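Student: Order-wise, the sequence lines are chains A, B, C and D. Mapping the first sequence onto our numbering, position 4 (from 1) lands on 4, and the numbers just tick up by one. Mapping the second sequence onto our numbering, position 106 (from 1) lands on 106, and the numbers just tick up by one. Mapping the third sequence onto our numbering, position 469 (from 1) lands on 469, and the numbers just tick up by one. Mapping the fourth sequence onto our numbering, position 80 (from 1) lands on 80, and the numbers just tick up by one.
No wet-lab data here; the hints were simulated from the structure. Hints are not guaranteed to be accurate.
As the list claims (entries may be wrong) - Below, in silico cross-link-like pairs of lysine-lysine (BS3-like), each with a Cα-Cα straight-line distance of 25 Å or less:
no., chain 1, residue 1, chain 2, residue 2
1, C, LYS192, B, LYS311
2, C, LYS127, B, LYS175
3, D, LYS352, C, LYS406
4, D, LYS354, B, LYS319
5, C, LYS454, C, LYS286
6, D, LYS354, B, LYS315
7, A, LYS80, D, LYS169
8, C, LYS351, C, LYS377
9, C, LYS406, B, LYS319
10, A, LYS274, A, LYS206
11, B, LYS315, C, LYS351
12, D, LYS169, C, LYS351
13, A, LYS274, A, LYS77
14, C, LYS189, C, LYS165
15, D, LYS352, B, LYS315
16, A, LYS4, A, LYS77
17, C, LYS192, C, LYS83
18, A, LYS241, A, LYS4
19, D, LYS250, C, LYS377
20, B, LYS319, D, LYS352
21, D, LYS354, C, LYS341
22, C, LYS116, B, LYS319
23, A, LYS284, A, LYS298
24, C, LYS26, D, LYS354
25, D, LYS352, A, LYS77
26, B, LYS249, B, LYS319
27, C, LYS406, D, LYS354
28, B, LYS175, C, LYS116
29, C, LYS189, C, LYS83
30, B, LYS315, C, LYS406
31, D, LYS169, A, LYS298
32, C, LYS83, B, LYS319
These numbers were taken from a predicted model, which means no experiment stands behind them.
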Amino acid sequence: ADIKPAVVYDQAGKFDKSFNEGVYNGITRFTKDTGIQVRESEPKNEAQVEQNLRRLAQRGYTPIVAVGFNMASAVSKVAKDFPDIQFSIIDGVIDQPNVQSIVFKEHQGSFLVGVLAAMNSKTDTVGFVGGMDIPLIRKFGCGYEQGVKYVTPNATVIQNMTGSTGAAFNDPTKGSELAKSQFSKGADVVFAAAGGTGIGVYQAAKDEGKLAIGVDSNQNHIQPGTMLTSMVKRVDRAAYKAFEDAQAGDWEPGLEVLGLSEGGVDWALDDYNKGLITADMKAKMEAVKASIVNGDIKVHDYMSDSTCNY
Amino acid sequence: MFETLILILDATLRVSTPLILAALAGLFSERSGIVDIGLEGKMLGGAFAAAAAAAVFGSAWIGLAFAILASVGLALIHGFACITHRGDHIVSGVAINTIVAGLTVTLGLDWFSQGGQTPALTGDARFTSIVFPFAEQIADVPVIGLIYSELLSGHNILVYMAFVFVPATYWIVFKTRFGLRLRAVGENPHAVDTAGISVALVRYRAVIICGILCGIAGAYLSTAHNAGFLKDMSAGKGYMALAALIFGKWRPVPVLFACLLFGFLDAVAVRLQGVALPGIGEVPVQAIEVLPYVLTVLLLAGFIGKAVGPKAIGKPYVKERA
Amino acid sequence: MSNQTPPYAIELEGISKRFGAVQANKDICLQVPKGSIHGIIGENGAGKSTLMSIIYGFYEADSGTISIDGEQVDIRNSQDAIKVGIGMVHQHFMLVENFTVLENIVLGAEGGAVLKHGLSAAREELKRLETEYRLDVDVDAVVEDLPVGLQQRVEILKALYRGAKILILDEPTGVLTPQEADHLFRILKSLKEQGVTVLLITHKLREILASTDNVSVMRQGEMVAHRETATTNKDELAELMVGKKVRLKVTKDTAQPTGTVLSAKDLSFFDSQGVERLKKVSFELKAGEILGIAGVSGNGQSELLNVLSGIAPLSSGEIQYAGQTITASAPKNAAQMRDLKMAHVPEDRHKMGLVTGFDAYEAAVLGYQNSEVYNGKVLMNRKAMLSECEQRMTDWDVRPPDPFLKTANFSGGNQQKIVIAREVEQNPEVLLIGQPTRGVDIGAIENIHEQIVKLRDAGKAILLVSVELDEIMALSDRIIVMFDGAVVGEVPADQADERTLGLMMANAWNEEKGAAEA
Amino acid sequence: MSQAKVPVWVNVGLIPLLNILLAFFVSGLVFLAIGQNPLEAAGYLVYGAFGYDAGIGYTLYYATNLIFTGLAVSIAFKAGLFNIGGEGQAYIGGLGVGLLCLWLDSSMPLIIIAPLAIIGGAVFGAAWAYIPAYLQARRGSHIVITTIMFNFIASSLMVYLMVNWLKEKGMMSPISRTFQESAWLPYLHDVFSPLGLDIGNSPLNLAFILALLGCVVYWGLVWHTRWGYQLRTVGTNPTAARYAGIDNAKVTIWVMLISGAFAGLVGVNEIMGVNHNLLLNFTAGYGFAGIAVALMGRNHPIGIILAAILFGALYQGGAELAFEIPSITPEIVVVIQGLVILFSGALENMFKGKIEGYFLRRAAA
Ligand SMILES: Nc1ncnc2c1ncn2[C@@H]1O[C@H](COP(=O)(O)OP(=O)(O)OP(=O)(O)O)[C@@H](O)[C@H]1O
Ligand SMILES: Nc1ncnc2c1ncn2[C@@H]1O[C@H](COP(=O)(O)OP(=O)(O)OP(=O)(O)O)[C@@H](O)[C@H]1O
Ligand SMILES: [Mg+2]
Ligand SMILES: [Mg+2]
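Full structure from sequences and hints, please.
Tutor: Shown next as structure tokens:
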């Protein structure tokens with residue numbers, strides 16, 4: 001069927017090198033595959049989020065994908081006023097008959113890259129650089145820590161948050177300083193879950209000959225040779241699927257949780273990092289992945305109880 | 001312990017560099033009587049121009065040249081407003097900061113379609129570290145080895161430039177004809193005018209030097225310390241540089257130390273994060289983050305008390321009332 | 001104006017200059033023979049400084065030409081003026097206060113991009129100039145530490161260092177003691193002997209008569225008369241300046257002082273830099289008298305007024321007034337002093353006495369803004385303010401009598417009337433009054449002096465600070481002289497003469513020592 | 001003596017108008033530079049801001065914030081102080097509003113919460129301005145620097161509080177729980193609909209009326225009370241103020257308290273009027289924009305209202321523009337704002353001299 005899809009990015013904008021950009025990649029692919037144009041909108045403040053959602057709904061766009069946890073309240077308000085329009089929200093949960101909530105098991109993906117980090121660390125010390133200090137980012141950190149400890153129980157995981165405002169996702173300078181400080185404390189692999197801040201982390205790793213792990217989209221290409229892998233969160237796929245389902249008439253409201261088994265999160269292996277991954281490592285990763293999928297390994301979700309006790 | 005200290009100092013140098021450059025920039029401007037709250041914007045504009053040019057031409061030096069051009073251009077706008085048209089210095093600075101914040105992203109988006117960022121820079125498009133001769137060899141000599149190989153060696157050229165600029169600034173401001181006129185024009189422009197020197201010309205020159213230094217600071221941000229331009233990447237450094245300038249009472253060497261202090265706090269904060277301090281426990285991220293700002297306020301209030309700047313600062317030079 | 005005589009040092013033709021709505025100079029012509037001292041007089045605002053600034057290239061004239069030694073020159077800025085040999089000592093000194101004397105002198109004539117050589121060369125040259133003209137001053141002293149007299153020498157040296165052949169002095173004696181002024185005139189004479197041409201602006205007719213060769217008179221932007229000094233006299237000059245006959249004397253009866261209303265004991269004041277500006281000043285002020293405070297400006301008179309009126313805090317000592325004892329630990333601020341019926345006409349009406357951005361009716365209540373008369377419960381009582389202001393404007397002949405006119409747009413004399421009316425009409429017990437006639441023309445001076453005497457005759461106490469010895473001597477019943485923050489002597493008015501007061505103002509008995517120090 | 005005068009309309013009308021036109025002209029060049037048709041863009045901008053009910057609502061909603069911050073900047077200006085801390089004061093003001101709403105929403109009716117929250121916002125905003133004010137008045141610390149620092153500190157403080165204390169359990173982003181409706185300031189469209197008036201759905205709420213009231217208070221305070229008299233004296237001539245027995249330090253502190261209170265009221269509009277929960281970054285640069293509003297408004301309440309509406313229109317029209325032409329980002333609006341500040345603030349004298357000269361000459365002739 002012919003659909004009029006739209007997407008509303010959150011305030012970080014569609015080129016945040018993080019999930020907004022992932023969504024952007026997803027819809028670009030969708031447009032290429034189907035020829036259907038997707039209406040994009042980039043509000044810059046709270047009021048505009050609601051305003052743009054409302055305007056899109058008024059003009060009959062559906063489904064409307066809202067990107068990011070920040071949009072929850074606006075989506076919930078607008079969805080109430082436009083019961084005939086389909087809304088999909090990524091990274092947020094809203095219980096309404098015309099809203100689809102898509103969330104990810106970031107802890108599982110982080111666990112995976114933690115395992116790989118531990119296997120690559122010669123010092124048994126690894127680092128984690130988070131962006132803004134919010135539960136979502138702690139969730140990454142906590143999953144990562146579990147993965148590391150799974151391989152090397154007595155390993156040290158140095159965790160730092162870049163800051164406490166949205167700017168923390170966009171401060172590569174600080175990212176590079178944090179990474180360098182972690183290196184100086186002995187870390188030799190660093191996982192950055194910090195949006196644009198990560199660029200600085202990867203750069204620092206490159207400059208010091210250490211390893212870094214990317215996040216959200218596959219960032220292996222950014223510093224080939226020192227990017228160990230990336231923890232990919234397939235928001236692109238989520239957006240793509242929402243539109244695809246709508247086109248096929250299969251779109252359904254409700255909660256959609258995308259974990260390892262659904263292909264929602266994963267680790268990235270490509271030409272850029274294949275030189276760093278030995279066959280043993282690859283095998284181990286596959287095994288761990290399988291164990292998580294079949295439930296042999298249970299990864300604790302920080303957000304379930306706001307602690308990292310596992 | 002010693003090694004940690006060296007590493008923190010090493011980081012201090014890196015973090016202080018843009019502050020030093022910007023604060024010296026401010027020193028020239030403010031010594032001439034022109035308040036410059038637009039250091040931030042000029043740095044940001046410089047950072048963007050540097051990264052954009054470096055990305056296009058593949059050369060960090062060309063990037064630096066463009067950074068200087070852009071920043072001087074902004075400085076001239078400031079001069080045009082404050083010197084030629086006797087505008088309010090702070091308002092002009094705020095305007096420049098606002099324009100640059102929007103324009104860098106707008107142009108970046110139009111030119112590179114990466115959400116206002118420039119492409120990541122690699123190779124010659126970045127300033128890379130300079131390793132001093134024999135740094136490797138003597139790295140293991142106790143104390144000196146570490147200082148030489150870690151602290152002194154291994155920075156990029158702009159860092160060394162910043163530190164060379166401090167004595168250079170001192171010499172220019174206090175030992176040259178231009179410096180004499182610069183100081184005079186910030187204290188009593190009428191005296192300068194009646195001595196047959198054009199007040200506007202001296203101030204324009206000061207503002208241009210300010211632009212050059214801010215441009216270098218900006219280039220450092222995007223092509224040396226980082227590898228590309230990001231929205232709002234100056235992140236308040238211009239304001240911190242201004243605070244350092246006031247601490248240092250508009251004198252090059254004390255200003256240097258103020259910048260180093262801020263840099264040091266930043267470097268320590270990075271390392272203090274998540275560390276449980278004896279007796280205090282783990283300090284919240286926000287508390288550490290806020291430290292330089294609180295300290296600035298405390299120092300301003302207690303330590304240096306009333307900072308008395310150049311006497312004619314911020315006052316437009318009016319010869320004839322219309 | 002033919003050119004048969006040897007060329008003039010300066011010849012001006014048709015100089016006009018307008019500032020916004022003010023025509024400061026109008027079609028001015030002037031010829032100054034080489035090697036002469038030429039005086040220029042005129043009321044405040046007549047346009048003298050403007051004219052000199054045009055010659056010096058500080059302002060550009062709207063029209064007209066300037067010739068130096070018979071050759072027309074194009075002076076667009078001070079640099080050009082310096083090049084053709086013009087030097088100027090401005091009414092308000094043009095010195096960088098935190099620079100040394102040497103730095104100030106070489107500014108603009110540094111002799112090279114690097115200071116070092118220029119400075120040492122300048123040091124040599126200055127030594128020569130100092131001895132040649134008896135202009136000694138410590139070249140390494142910081143200017144703000146120097147007394148005004150020496151600062152002025154620095155200005156003169158600055159001009160000479162640049163090789164000035166024509167020297168313009170704009171009211172040079174306003175800040176000098178009579179003795180210092182005498183010294184200045186000796187210097188000018190010796191300059192003249194060296195062939196230097198001097199243009200001298202002053203308000204003091206006495207100085208004109210004593211030291212100039214020719215004199216020109218300006219009035220309201222125009223050059224109204226030229227005289228050979230030898231052929232004219234005080235009365236003629238005064239009349240030329242004002243445009244009508246003037247009386248130069250105050251008429252008053254002898255004072256009938258009664259009890260002491262205010263007594264000051266050992267008042268000391270340290271400024272924010274920690275400099276002692278008042279040194280143990282003591283005096284008594286009686287009802288029904290005018291106590292004059294004489295002194296060169298900058299010797300503590302301003303601080304004394306500030307301390308008495310509560311604007312500045314006492315550092316030590318005590319003031320007895322209206323049954324209150326005011327000390328450093330029990331201070332009273334300006335509002336409280338006003339409540340005790342002490343009124344104050346400040347020395348500088350622009351800086352202190354008025355808010356030039358306010359409408360006249362608002363400026364007319366400054367200091368009394370909290371008074372019940374002008375206030376309702378919440379809002380100010382504009383009607384009362386307006387009607388009172390209108391009344392006063394008629395009573396005091398303020399022109400124009402428009403309460404809504406911005407204070408800035410009144411002329412200096414009318415601004416002063418607004419201030420004095422405000423303070424006097426509060427019917428104070430004590431009136432502190434500083435420089436009551438500074439910047440006021442001769443006609444208005446008369447009126448203000450009458451008012452002050454009237455207040456005295458009504459039994460009020462008046463403390464008068466003025467740098468004009470003539471004014472002090474004409475009005476005061478008793479005269480105190482201040483020097484360097486201290487009271488150096490007291491003279492009854494009838495025994496005061498210019499010479500004694502002048503010597504006291506210069507702290508003459510210490511002059512030898514002081515000179516040695518400098 | 002007759003005085004040639006420049007007609008009032010030249011100073012308050014013609015010159016600001018020319019400055020704005022110039023700012024827009026240069027903005028047009030920026031549009032051209034990025035390959036957009038400036039006229040088309042202007043069309044969207046104007047339509048978005050004024051073309052339909054809800055658009056106007058949004059414009060006025062933004063204007064509400066800008067009136068508050070404009071008044072804040074302006075009143076400090078009147079006392080010769082440059083309050084760059086409006087951003088932080090608004091932030092903390094919002095915190096005050098939010099805390100009161102969170103505390104009282106289940107136990108009190110709107111009629112009680114609303115005044116308390118308004119006071120709360122004002123008091124919190126004022127408190128945040130107090131420290132820089134105190135330091136300026138008593139220790140001589142430069143208020144521009146300290147208020148800038150306090151913006152940074154406010155933002156860290158808010159994050160700390162939101163993340164550690166105020167965040168709703170289970171919520172991903174640091175936002176508090178949504179208030180109950182008893183703590184919602186009514187939307188104007190809800191107020192008007194019983195009267196049969198449909199003014200379109202927009203976030204415009206009663207805080208707008210509060211802002212207008214603020215302007216009246218400002219006007220009365222500054223020009224018609226002795227307090228305002230003292231404040232203006234301090235602002236135009238501090239020496240005269242000391243002469244008049246006015247305690248400069250006290251006035252400095254008071255005026256900054258009021259300035260902070262005005263800024264704090266942004267919180268009423270944002271937190272109580274629109275978001276209905278406490279969140280981060282709701283100040284979104286209004287504090288800085290207030291500088292431009294105050295300047296353009298010539299530090300007069302009427303001017304501030306007009307300037308705030310102009311800037312509100314830029315925000316709203318700009319959003320519309322960015323929505324309709326996706327290749328235009330909202331950042332371009334920031335550029336336009338900056339240009340307006342430049343031309344009508346920093347370069348306000350560019351034409352002034354020439355134009356005034358022209359009228360003076362005409363009047364003199
Ligand atoms: N820079 C200026 N801008 C505007 N108007 C000025 C300026 N300087 C002087 N004026 C005006 O020009 C007129 C002449 O002033 P000028 O200073 O030349 O007078 P003056 O004769 O030197 O007076 P005084 O005896 O007080 O020094 C006055 O009305 C004054 O207000
Ligand atoms: N700073 C100023 N701003 C605006 N107008 C001014 C200013 N100074 C002077 N004027 C105007 O210029 C005119 C001349 O002023 P000036 O002070 O020179 O008067 P004056 O001739 O000296 O009168 P008086 O003898 O009363 O002092 C005044 O009427 C006043 O309106
Ligand atoms: Mg004069
Ligand atoms: Mg006058």
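Student: Under the constraints set out in the numbered hints, which ones does this structure not fulfil?
Tutor: 1, 8, 12, 13, 21, 22, 25 and 26
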